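Mind docking chain B on chain A? Use the hints.
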Amino acid sequence: MTAQAQALDPMRLALVGVPNSGKTALFNRLTGSRQKVANYAGVTVERKEGSFVGPTRRRQYRVLDLPGSYSLTPTTLDEAITRDFLLGRLSGEAAPEFVVCVVDATNLRLNLRLVLELRDLGVPMIVALNMSDLARNRGFRLDRERLERELGVPVVETVAVANSGHRQLLDALEGIQHPGTAPRREWRDPSFEHIQQTQREVRRILRAIDYAEPARKEALRRLDAVVMHPVAGPAILAVLLFFVFQAVFGWAALPMNAIDAGMSWIGAKLAASLPDGALRSLLIDGVIAGAGSVLVFLPQILILFFFILALEDSGYLPRAAYLLDRVMGSVGLSGRAFIPLLSSFACAVPGIMATRTIPNVRDRIATIMIAPLMTCSARLPVYALVIAAFIPHRPVGPFNLPGLVLFTLYVSGIVAAMAVAYALKRTALKSSYHPLLLELPEYHWPHLNNLAIGLWERLKVFVQRVGTIILALMIVLWFLSSYPAPPPGAAGPPILYSFAGMVGHALEHLFAPLGFNWQISLALVPGLAAREVAVGALGTVYSLSSTGDDVAATLVPMIAHTWSLATALSLLAWYVFAPQCLSTLAVVKRETNSWRYPLLMAGYLFGLAYLAAFVTYRVATALGG
Amino acid sequence: MLEMLFVGAIVLVAAIYSTWALLPAPARRTLAARLAPLASSSWCPGWLGRRLRYAATGGPSGTDPCSGCSAHQPPRDEARR
Numbered sequence: 013m014t015a016q017a018q019a020l021d022p023m024r025l026a027l028v029g030v031p032n033s034g035k036t037a038l039f040n041r042l043t044g045s046r047q048k049v050a051n052y053a054g055v056t057v058e059r060k061e062g063s064f065v066g067p068t069r070r071r072q073y074r075v076l077d078l079p080g081s082y083s084l085t086p087t088t089l090d091e092a093i094t095r096d097f098l099l100g101r102l103s104g105e106a107a108p109e110f111v112v113c114v115v116d117a118t119n120l121r122l123n124l125r126l127v128l129e130l131r132d133l134g135v136p137m138i139v140a141l142n143m144s145d146l147a148r149n150r151g152f153r154l155d156r157e158r159l160e161r162e163l164g165v166p167v168v169e170t171v172a173v174a175n176s177g178h179r180q181l182l183d184a185l186e187g188i189q190h191p192g193t194a195p196r197r198e199w200r201d202p203s204f205e206h207i208q209q210t211q212r213e214v215r216r217i218l219r220a221i222d223y224a225e226p227a228r229k230e231a232l233r234r235l236d237a238v239v240m241h242p243v244a245g246p247a248i249l250a251v252l253l254f255f256v257f258q259a260v261f262g263w264a265a266l267p268m269n270a271i272d273a274g275m276s277w278i279g280a281k282l283a284a285s286l287p288d289g290a291l292r293s294l295l296i297d298g299v300i301a302g303a304g305s306v307l308v309f310l311p312q313i314l315i316l317f318f319f320i321l322a323l324e325d326s327g328y329l330p331r332a333a334y335l336l337d338r339v340m341g342s343v344g345l346s347g348r349a350f351i352p353l354l355s356s357f358a359c360a361v362p363g364i365m366a367t368r369t370i371p372n373v374r375d376r377i378a379t380i381m382i383a384p385l386m387t388c389s390a391r392l393p394v395y396a397l398v399i400a401a402f403i404p405h406r407p408v409g410p411f412n413l414p415g416l417v418l419f420t421l422y423v424s425g426i427v428a429a430m431a432v433a434y435a436l437k438r439t440a441l442k443s444s445y446h447p448l449l450l451e452l453p454e455y456h457w458p459h460l461n462n463l464a465i466g467l468w469e470r471l472k473v474f475v476q477r478v479g480t481i482i483l484a485l486m487i488v489l490w491f492l493s494s495y496p497a498p499p500p501g502a503a504g505p506p507i508l509y510s511f512a513g514m515v516g517h518a519l520e521h522l523f524a525p526l527g528f529n530w531q532i533s534l535a536l537v538p539g540l541a542a543r544e545v546a547v548g549a550l551g552t553v554y555s556l557s558s559t560g561d562d563v564a565a566t567l568v569p570m571i572a573h574t575w576s577l578a579t580a581l582s583l584l585a586w587y588v589f590a591p592q593c594l595s596t597l598a599v600v601k602r603e604t605n606s607w608r609y610p611l612l613m614a615g616y617l618f619g620l621a622y623l624a625a626f627v628t629y630r631v632a633t634a635l636g637g
Numbered sequence: 034m035l036e037m038l039f040v041g042a043i044v045l046v047a048a049i050y051s052t053w054a055l056l057p058a059p060a061r062r063t064l065a066a067r068l069a070p071l072a073s074s075s076w077c078p079g080w081l082g083r084r085l086r087y088a089a090t091g092g093p094s095g096t097d098p099c100s101g102c103s104a105h106q107p108p109r110d111e112a113r114r
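Top line first, the protein sequences correspond to chains A and B. Offset between the first sequence (1-based) and my numbering: plus 12. Offset between the second sequence (1-based) and my numbering: plus 33.
Simulated from the structure, these hints should not be mistaken for lab results. Possibly wrong hints are sitting among the right ones.
[Unchecked claim] Restraint-style ranges between C-beta atoms, simulated for each label pair: (1) A:T87 x B:L45: 49 to 55 Å; (2) B:F39 x A:V408: 49 to 55 Å; (3) B:A66 x A:A270: 41 to 47 Å; (4) B:L45 x A:S285: 22 to 28 Å; (5) B:A66 x A:A220: 36 to 42 Å; (6) B:A66 x A:A518: 53 to 59 Å.
Owing to the predicted nature of the structure, the values given are computational and were not obtained by experimental measurement. Cβ coordinates follow ideal geometry from the N, Cα and C atoms, glycine included.
Bound conformation, chain A alone:
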């Protein structure tokens, strides 16, 4: 930071606007950050903070990206965060000195109410007319200078997704003096008459600036007629999801084999160059067999996220929410539950946080309780490992069998979630039906930049996790699996006499009815930290359980050789419900501010997982599996 930059106090700047107006994209553009953006409302549910230095005056800015809000009268928890922050009501948080109100230029009618409310509040403000390029291309007519005169605040055009699309905003920010702590007018929730008056003012301004929306393109109208058709729509959605799961198995084989071969090569080199001893065992059986066996699944995770990110950016997902509203409604859930549940396919933690957009408390709790049943990406390595070992890679019509099995597992999670929601909404969490009100964004081709950044972030997070927490846990597990050393003259691999062997055998009593051997029972314990750690744990345990030449063998043939099909299916059934994820339980405690719900969640998921695995194992065994 230069001396000149230090001379000026940092200015606290808040980005405010209606959902999906491009606040986070602008935040990323201003601060160089890479927060998640998507083409639907409700992506940001917490405030995010960043900073930057102005290009000309070298003033420092602290920028806060707030959850989207249609007005200062909140209907959901995330809108309340925005309102309270702007009014300085959040404890430990000073109100912003300056506000950039981000407005979607293609939807001024919906956006201007918030602008007028902020203006009435007396907050120093600039209006960023975002997506102005899109508005121009689509034939919207609006007069920026006139809008500036009507609102009485500076209005600048921005294109948050373009490289220099924030330039005018930066110039405008640099032009203002430090606003200091301008006195705010007191905010009172507006009466119905006052809201009507504001809406009249919005219509008057739109007329005054000669704002005209063009007719929607015929092709897009026709596309929506098909995509949102009551029969064709769900069929398209099912085919789309089916295709995604096929691609996860069909496309990933080559890069997975390459990573696997790389790991085996490193393992062989280490085995050849290091003398037999503790360090050699740690590196080969702990690091390579443990952390390496998780890293192999990176291509599948990236392929899955490629499709999720592309669908997010295209504007299709809110339409899917609309299609599924009837299904959601039939089990008593709000249609707004769709986006949090969809986020849970990546990870239950952001999914549970995204439930803040659900206004009704009982609907929100019901959604939180079923979010872990959506198949998170951490389960993918476990599924992929078992499927690769037991399901032959043969075609079934135009599809491949492993992809079909994976699709079935994902559907099983969804069906289970709907069943649990049905039970909850008819007993402990009864509430009246809340119709879905959803803003449908316009379609657009996914931005390659967004896709690349999204995939890069996922890759970084996954590799970081493998290199930190998973690696650390595998080293600890290696130690527990190697010591104490076996007594002199002992038969069998040393792991049988180790701490881990003792724990595994103790747990085996609990899990034997499910067909789990002591190695699987043991792997479930570190799996509490993160589900994919179970794969690494199996890698380490089996590597240490084998002798001589088997050390170099990979995990897939090992489990194919030692497990029965019934055991494999039982483990898959267990992981559909998989209760073990400490971070999910921690975030439920934080979001509900109570121990009751995380304990209830852990209990019911464990019960369901045990029951499903037990029934699967018994049925498969009876059928000769």
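Just chain B now, with coordinates in the frame of chain A:
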């Protein structure tokens, strides 16, 4: 003997790190606040001191709040240009 000491040190560091990473965020903040005074001692490496002070103020500590997730992008409290 030297090999055993080296392996023991690696296991110890891994055990401390995994315990730290698996602690719930509030407990981690409290622990970091307790340990922060030690960070000014001469024997404490600078990077460890900075990390502890940062964690004590609620800054990102690697796996918070999503230690079980391989997909979630953790929030960045300090995004700098």
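For each hint given before, does the structure comply? Return the numbers of the non-compliant ones in rising order. When the structure is compared with the hints, numbers 5 and 6 turn out to be violated.
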